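Engineer: What follows is each chain in one-letter form.
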Amino acid sequence: MGIEKLLFYVFAATAVLASLGVIGSRNPVRAALFLVLAFVATAGIWLLLQAEFLGIVLILVYVGAVMVLFLFVIMMLDINLTPLREGFTRYLPLGAVVAVVVLAEMSLVLNPQFFGLEHFPSPVALAAGDSNTKMLGQLLFTEYLYAFELAAVLLLLAIVAAIVLTLRRRKQGEVLYQDIGAQVRVQAADRLTMVKMPAVVAVKEDNKKESDDE
Amino acid sequence: MFDSLQTLLAQWMPNEVAVVLVILVQAMMVIVPLLLTVAYLTYAERKVIGYMQVRLGPNRVGYAGLLQPIADALKLIMKEIIIPSQSNVYLFLIAPVLAIAPAIAVWAVVPFDNGMVIGDINAGLLYVLAVSSIGVYGVVIAGWASNSKYALLGALRSSAQKVSYEIAMGFALVTVIMTAGSMNLTDIVMGQQGGILAWYWIPLLPMFVVYFISGVAETNRAPFDVAEGESEIVAGFHVDYSGMTFAVFFLAEYAMMILISFLTAIMFMGGWLSPFEGIPGLEALFSFVPGLFWLAFKVFFLLFVFLWFRATFPRYRYDQIMRLGWKVLIPLTILWVFVVGAMAYFKVAPWFVHGGVA
Chain R
1 MGIEKLLFYV FAATAVLASL GVIGSRNPVR AALFLVLAFV ATAGIWLLLQ
51 AEFLGIVLIL VYVGAVMVLF LFVIMMLDIN LTPLREGFTR YLPLGAVVAV
101 VVLAEMSLVL NPQFFGLEHF PSPVALAAGD SNTKMLGQLL FTEYLYAFEL
151 AAVLLLLAIV AAIVLTLRRR KQGEVLYQDI GAQVRVQAAD RLTMVKMPAV
201 VAVKEDNKKE SDDE
Chain Z
1 MFDSLQTLLA QWMPNEVAVV LVILVQAMMV IVPLLLTVAY LTYAERKVIG
51 YMQVRLGPNR VGYAGLLQPI ADALKLIMKE IIIPSQSNVY LFLIAPVLAI
101 APAIAVWAVV PFDNGMVIGD INAGLLYVLA VSSIGVYGVV IAGWASNSKY
151 ALLGALRSSA QKVSYEIAMG FALVTVIMTA GSMNLTDIVM GQQGGILAWY
201 WIPLLPMFVV YFISGVAETN RAPFDVAEGE SEIVAGFHVD YSGMTFAVFF
251 LAEYAMMILI SFLTAIMFMG GWLSPFEGIP GLEALFSFVP GLFWLAFKVF
301 FLLFVFLWFR ATFPRYRYDQ IMRLGWKVLI PLTILWVFVV GAMAYFKVAP
351 WFVHGGVA
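Read top to bottom, the protein sequences are chains R and Z.
If you're matching positions, the first sequence starts at 1 in the numbering used here and goes up one per residue.
If you're matching positions, the second sequence starts at 1 in the numbering used here and goes up one per residue.
Check before you lean on any hint, since a few could be wrong.
[Said to hold, decoys possible] Below, simulated DMTMM-like cross-link-like pairs (lysine to aspartate or glutamate); rule was C-alpha separation at most 20 Å, straight line:
#1 R:K134 to Z:D187
#2 Z:K47 to Z:D72
#3 Z:K47 to Z:E253
#4 R:K134 to Z:D72
#5 R:K5 to R:E149
#6 Z:K327 to R:D179
#7 R:K134 to R:E149
#8 Z:K347 to Z:D187
#9 Z:K149 to Z:E228
#10 Z:K75 to Z:E45
#11 R:K5 to Z:E16
[Said to hold, decoys possible] Pairwise CB distance ranges (calculated):
#12 Z:D3 to R:M106: 42 to 50 Å
#13 Z:P84 to R:Y146: 34 to 42 Å
#14 R:Y177 to Z:G341: 29 to 37 Å
What the hints contain is simulated information worked out from the structure, not anything from laboratory work.
Since the model is a prediction, treat every value here as computed from it, not as a measurement.
Built from N, CA and C at the ideal position, the CB exists for glycine as well.
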């Protein structure tokens, strides 16, 4: 057995076990971490398929950014575990129906007759100096440019929408913001006024106070 | 050298085992010096900051305190590992592993000289970015599993900081990729041939600064070390860790510091190339110096800058850190992507003549 085959079985088994862990673990944080493990194992399989760019980007985007935010949210929630399991038997029939429908759809689309090594030739080794990333980039920016740009605009829209939905404008003076530019520009004259006070006047004031006290 | 070792080993055992053994040997050849550098970086840190503050620093253990890191390591190994009773034990123990594993795995693609690299992969820079982004899990899980308010707040702070500065860092890397026309670290260095003026720090000067600042923030070093603001949240996410579990977080932080210095030297300061390249007299005079030495020289300079920062700047406030990352560094990097695009289009010499995106 070659090392590649061994690695494939290790990654595949990890991916399957981790996916089971995602739906099986009681603790939501642990489930999220199993999902991370499943992503990493999948990225390993993609690397074996010579899709190095996709594999690494999967780790970079999903593991490095998306799942961190997931974990953030889960950690901040104070989840009481018992009510989570309350409706389990009630919703079990519905869940089973959905599962069967999904399974049926998947087996129709991903028919076993499409599977098997004879249908999928092993990826052709790239010529030296040809990089997977470069080829992907050339395709994205020529043939699929519109789809690519549309996806980018969609994401931008989602970002703007998310900010608009969550932005809480507060009244002037309710919160104090720091204007660093103004702080840097400030001159001594803006903050300090030199006041000339003749010493004699001060003495007089003191005398007056004393006489008031009496 | 490793090919001959592999063929030699293959006579005694199956070829696969020989391959694995050779990879293990290569990994040890990187990890052992790395950990030694980490140990003596802590010594250098205490000495440098000591002299900057007009005191001696460690000087008791061994000559001039040279055995201090070894004594520290021994102490940390002997200490008891305390596991908080209310913690999630499993995750509590796996968090330090998740912190150190990426910090070491990244070194697989870092070249030390022309051809002196374990995995010379095409998407090298992307690999570095992806693997170092996993390191944040160590922080998040450590904070959560400790089941302590201070640890959780520290973890939130430092992971939010890491995720934010990763964006500026990624964009800075994009400009490097655009300039070099490659994501392979060896190609990036070879694209900078032609002396100190051909290195990428000139066309990418703002990115050089942005990358290094993001690197400092990414490693949670001063002046961005709010994660361990002693007076407010004690030691941050690793407050409940003791002994070796704490030391592992410490190792990871310092290994990342060294990595950032290496990457800065490789991407902006010509890597292992001699600074005297192309200068008639000096080039021949220094041609005996191995490339590894030049790279190490640049890396040690950058590490010194890390320590210098710590001794010089007061700690930033948290909102100021976030402002610097999101409102200053990220817009600047996006702007510079366009500038580099323009420079590549007009083939500005000497950086964009060969290679480049155009």
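Engineer: A separate judgement is required for each hint: does it hold in the structure or not?
Structural biologist: Hints, one by one, checked against the model:
no., hint, in the structure
1, R:K134 to Z:D187, "holds, 15 Å"
2, Z:K47 to Z:D72, "holds, 15 Å"
3, Z:K47 to Z:E253, "holds, 19 Å"
4, R:K134 to Z:D72, "violated, 48 Å"
5, R:K5 to R:E149, "violated, 38 Å"
6, Z:K327 to R:D179, "holds, 12 Å"
7, R:K134 to R:E149, "holds, 18 Å"
8, Z:K347 to Z:D187, "holds, 18 Å"
9, Z:K149 to Z:E228, "holds, 14 Å"
10, Z:K75 to Z:E45, "holds, 19 Å"
11, R:K5 to Z:E16, "holds, 12 Å"
12, Z:D3 to R:M106: 42 to 50 Å, "holds, 46 Å"
13, Z:P84 to R:Y146: 34 to 42 Å, "violated, 55 Å"
14, R:Y177 to Z:G341: 29 to 37 Å, "holds, 34 Å"
Violation of the numbered hints given earlier is confined to hints 4, 5 and 13; the remaining hints are satisfied by the structure.
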